[in-house]
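Build the full structure now, drawing on both the sequences and the hints.
There are 2 protein chains.
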Amino acid sequence: MNTILIVGAGGVGGVAAHKCAQLPEIFHEIHLASRTLSKCRLVATSIRQRTGQEISTHRVDADNLNEAIALLRNLSPDLLLNLALPYQNLTLMEACLATGTNYLDTANYESPETAGFEYKWQWRYHEEFREKNLCALLGSGFDPGVTNVFTSYASKHYFDEISELDIVDVNGGENNESFATNFNPEINIREVSAACRHWEGDRFVESPAFSTHRSFSCPEGLGDFEIYRMYHEELESLTAAFPSLRRAQFWMSFSPSYLQHLKVLTNVGMTSIHPIDYHGELIVPLQFLKSILPDPGSLGESTTGQTCIGCVLRGRKENQPRSIYIYNTCSHESSFRETGSQAVSYTTGVPAMIGAKLMLQKKWFEAGVWNMEHFDPDTFMEDLDSFGLSWSIEESDPFVRKACS
Amino acid sequence: MNTILIVGAGGVGGVAAHKCAQLPEIFHEIHLASRTLSKCRLVATSIRQRTGQEISTHRVDADNLNEAIALLRNLSPDLLLNLALPYQNLTLMEACLATGTNYLDTANYESPETAGFEYKWQWRYHEEFREKNLCALLGSGFDPGVTNVFTSYASKHYFDEISELDIVDVNGGENNESFATNFNPEINIREVSAACRHWEGDRFVESPAFSTHRSFSCPEGLGDFEIYRMYHEELESLTAAFPSLRRAQFWMSFSPSYLQHLKVLTNVGMTSIHPIDYHGELIVPLQFLKSILPDPGSLGESTTGQTCIGCVLRGRKENQPRSIYIYNTCSHESSFRETGSQAVSYTTGVPAMIGAKLMLQKKWFEAGVWNMEHFDPDTFMEDLDSFGLSWSIEESDPFVRKACS
Numbered sequence: 001m002n003t004i005l006i007v008g009a010g011g012v013g014g015v016a017a018h019k020c021a022q023l024p025e026i027f028h029e030i031h032l033a034s035r036t037l038s039k040c041r042l043v044a045t046s047i048r049q050r051t052g053q054e055i056s057t058h059r060v061d062a063d064n065l066n067e068a069i070a071l072l073r074n075l076s077p078d079l080l081l082n083l084a085l086p087y088q089n090l091t092l093m094e095a096c097l098a099t100g101t102n103y104l105d106t107a108n109y110e111s112p113e114t115a116g117f118e119y120k121w122q123w124r125y126h127e128e129f130r131e132k133n134l135c136a137l138l139g140s141g142f143d144p145g146v147t148n149v150f151t152s153y154a155s156k157h158y159f160d161e162i163s164e165l166d167i168v169d170v171n172g173g174e175n176n177e178s179f180a181t182n183f184n185p186e187i188n189i190r191e192v193s194a195a196c197r198h199w200e201g202d203r204f205v206e207s208p209a210f211s212t213h214r215s216f217s218c219p220e221g222l223g224d225f226e227i228y229r230m231y232h233e234e235l236e237s238l239t240a241a242f243p244s245l246r247r248a249q250f251w252m253s254f255s256p257s258y259l260q261h262l263k264v265l266t267n268v269g270m271t272s273i274h275p276i277d278y279h280g281e282l283i284v285p286l287q288f289l290k291s292i293l294p295d296p297g298s299l300g301e302s303t304t305g306q307t308c309i310g311c312v313l314r315g316r317k318e319n320q321p322r323s324i325y326i327y328n329t330c331s332h333e334s335s336f337r338e339t340g341s342q343a344v345s346y347t348t349g350v351p352a353m354i355g356a357k358l359m360l361q362k363k364w365f366e367a368g369v370w371n372m373e374h375f376d377p378d379t380f381m382e383d384l385d386s387f388g389l390s391w392s393i394e395e396s397d398p399f400v401r402k403a404c405s
Numbered sequence: 001m002n003t004i005l006i007v008g009a010g011g012v013g014g015v016a017a018h019k020c021a022q023l024p025e026i027f028h029e030i031h032l033a034s035r036t037l038s039k040c041r042l043v044a045t046s047i048r049q050r051t052g053q054e055i056s057t058h059r060v061d062a063d064n065l066n067e068a069i070a071l072l073r074n075l076s077p078d079l080l081l082n083l084a085l086p087y088q089n090l091t092l093m094e095a096c097l098a099t100g101t102n103y104l105d106t107a108n109y110e111s112p113e114t115a116g117f118e119y120k121w122q123w124r125y126h127e128e129f130r131e132k133n134l135c136a137l138l139g140s141g142f143d144p145g146v147t148n149v150f151t152s153y154a155s156k157h158y159f160d161e162i163s164e165l166d167i168v169d170v171n172g173g174e175n176n177e178s179f180a181t182n183f184n185p186e187i188n189i190r191e192v193s194a195a196c197r198h199w200e201g202d203r204f205v206e207s208p209a210f211s212t213h214r215s216f217s218c219p220e221g222l223g224d225f226e227i228y229r230m231y232h233e234e235l236e237s238l239t240a241a242f243p244s245l246r247r248a249q250f251w252m253s254f255s256p257s258y259l260q261h262l263k264v265l266t267n268v269g270m271t272s273i274h275p276i277d278y279h280g281e282l283i284v285p286l287q288f289l290k291s292i293l294p295d296p297g298s299l300g301e302s303t304t305g306q307t308c309i310g311c312v313l314r315g316r317k318e319n320q321p322r323s324i325y326i327y328n329t330c331s332h333e334s335s336f337r338e339t340g341s342q343a344v345s346y347t348t349g350v351p352a353m354i355g356a357k358l359m360l361q362k363k364w365f366e367a368g369v370w371n372m373e374h375f376d377p378d379t380f381m382e383d384l385d386s387f388g389l390s391w392s393i394e395e396s397d398p399f400v401r402k403a404c405s
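These protein sequence lines are chains E and W, in that order.
For the first sequence, position 33 (counting from the first letter as 1) is numbered 33 according to this note's numbering, and the numbering increases by one without interruption.
For the second sequence, position 293 (counting from the first letter as 1) is numbered 293 according to this note's numbering, and the numbering increases by one without interruption.
Do not rely on the hints blindly, as some may be mistaken.
[Claimed, not checked] Heads up, simulated BS3-like pairs for lysine-lysine below, C-alpha to C-alpha not over 30 angstroms straight-line:
no.	chain 1	residue 1	chain 2	residue 2
1	E	Lys-290	W	Lys-263
2	E	Lys-120	E	Lys-362
3	W	Lys-120	W	Lys-290
4	W	Lys-263	W	Lys-290
5	W	Lys-263	E	Lys-263
6	E	Lys-263	W	Lys-290
7	E	Lys-363	E	Lys-120
8	E	Lys-317	E	Lys-156
9	E	Lys-156	E	Lys-362
10	W	Lys-120	W	Lys-156
11	E	Lys-362	E	Lys-132
12	E	Lys-290	W	Lys-290
Bear in mind the hints are in silico, worked out from the structure with no lab data behind them.
Now the structure itself:
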């Protein structure tokens with residue numbers, strides 16, 4: 001009898017709940033909890049309509065350790081899927097340790113007061129999870145998550161040694177908004193405004209945000225996009241797991257309009273995370289901005305196009321240089337039809353379900369705190385294909401412009 | 001013994017107080033009041049240092065009729081100079097009527113809830129002022145104000161009939177901010193975001209904000225600027241006072257960067273004047289934006305360059321077509337040296353002082369509510385020349401591009 005508790009009823013939590021409900025033979029009992037109970041109920045109604053399954057809903061303030069512990073004690077789930085904001089990761093890991101619950105998340109801890117992210121806060125819990133025979137799987141979304149699995153799958157089957165990694169995240173989707181972020185605007189803007197870091201030789205080097213960019217031609221005729229190098233958390237765990245890497249970079253596509261909006265909002269101070277005194281109230285400008293921007297969840301219905309996320313790997317196999325590109329493309333429209341959310345949430349929520357499935361099946365289970373590349377990638381790659389995120393491999397380097405034919 | 005009360009200790013109120021203090025033979029006793037007493041005290045200190053004169057300072061909430069009446073009863077000024085926000089005009093006119101005080105302002109009434117401005121709210125008080133033998137002078141700044149005087153001066157001396165008027169307001173100043181408004185950001189953004197209206201034939205016609213623009217070559221080598229047609233309040237009184245006008249337009253210069261910032265902020269909803277519910281508090285996005293933008297008053301020290309504001313008039317004199325251009329140029333740096341404020345405040349505050357001077361001297365005094373063009377322009381034009389805003393007349397049309405020599 002497997003019981004799971006999903007915390008977070010935004011786009012990703014909603015997708016994961018839908019996907020888990022599609023597999024009642026694995027997920028026998030599903031609980032969904034959020035600060036806002038009405039959001040859980042909307043997801044439950046959608047699941048009932050789409051799959052005929054019932055899930056339970058609960059209110060919880062995931063910032064409050066005692067509330068989280070009380071809910072876990074009450075439900076005794078085998079696994080907590082933390083799909084709330086990354087601010088809550090440490091509280092929820094503590095709650096899992098206190099109650100003997102396994103743990104999974106999709107994004108690493110961030111402090112509300114400091115932009116920038118690193119795994120050290122969560123890796124610190126490794127010994128405690130190990131001692132209690134509990135497993136914590138970190139970053140089981142798409143990027144991080146599937147990108148880690150792609151890398152370890154390529155390393156296992158295509159290379160004797162990998163030396164370069166480029167992760168490329170293209171959102172070719174369009175909606176009717178002049179400015180809208182793909183996911184939680186606060187987290188998104190914090191992430192993309194941070195200084196860029198990439199792995200060069202044997203260390204991370206820093207460069208200004210948005211200072212390095214290039215054109216990228218997506219496969220399957222999705223078109224050309226301008227991609228910008230930025231820091232992303234899987235670079236930290238992957239460069240540690242694959243020490244042969246001499247360069248590792250993360251790239252994300254942004255439209256000229258998105259960048260113009262971000263630049264202006266930053267110029268005037270609206271993206272600042274430092275509270276200001278507004279008529280006696282302390283208000284964080286970025287949080288106020290978030291409150292007036294479109295809720296990414298509301299854009300699912302109007303978003304068209306595809307995402308295209310993948311890894312370019314270069315290295316050697318049997319002493320020959322080799323380059324491959326592993327990627328997934330995902331349609332916003334079909335994601336919305338299946339789960340009520342667009343592809344950005346879909347591509348994160350499906351790997352969360354797969355990670356949870358493999359943990360419950362004990363295929364991916366080892367006491368301690370682990371990133372995705374720790375476990376065997378083959379079974380995860382099979383599940384990606386089976387559960388909506390099929391992938392392709394090209395034996396070529398998309399960063400090298402093909403000659404005109 | 002002339003006593004005046006200046007309400008408003010922002011840039012304009014500060015300039016007017018400095019200029020009045022330079023004329024102790026006219027302004028025997030000067031009181032300065034504001035919601036924020038510390039701003040009054042800063043102005044008083046600057047006046048003491050620059051002119052050796054003393055002024056009195058007071059705290060008043062100009063939105064509160066009873067507070068305003070109490071202050072007027074206490075001080076018994078001959079004249080109230082309303083240099084606060086245009087939201088307060090009606091309250092302060094009521095307070096003047098209740099206490100038998102003459103009234104002057106520089107910008108017409110606006111309701112906080114509705115963008116857009118018209119004189120009807122204030123013209124409505126004409127009979128009451130007339131009956132009490134009080135004079136209210138509306139719009140005694142630069143535009144409106146000096147632009148009205150320029151128009152009536154040109155009409156009196158240069159034309160038998162004027163048929164076209166173009167008012168052109170160029171701010172050729174620069175500062176180190178990526179986005180800063182010339183004056184109160186809330187009022188400025190409301191004004192420039194409103195739909196454009198201009199007089200065509202015998203009526204106002206509307207067009208979208210920023211939809212009509214052209215290049216304008218400033219005199220005295222100040223350079224070329226892109227000017228945008230927009231609505232401005234003096235068009236209402238001038239087309240009524242000069243019914244021969246077949247076209248009347250107002251133009252203002254904006255930099256590409258200013259427009260880009262304004263567009264983005266409007267796109268995301270930050271320029272909205274409709275309150276939103278933010279964690280249970282009602283907050284007007286534009287007012288929140290104002291609170292994080294630079295205080296225009298703080299930019300005086302770093303602003304360089306000139307303003308150039310004037311009127312292009314076309315019509316007939318002795319049956320010949322005639323075009324003239326009357327303008328003033330004003331240096332941000334010298335304005336700051338003299339009064340601690342840059343030219344945008346200076347060009348508004350000096351005409352406020354001149355209007356007050358002429359009212360106290362009974363040169364411009366008639367019971368009722370009047371716009372500037374009601375009074376004889378010659379004496380005002382003389383004072384402009386004497387008190388820091390000298391003007392020039394060119395017998396040419398700057399809208400007609402000169403042929404290359």
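Numbers of unmet hints, in rising order: Nothing - there is no hint that the structure violates, so all of them hold.
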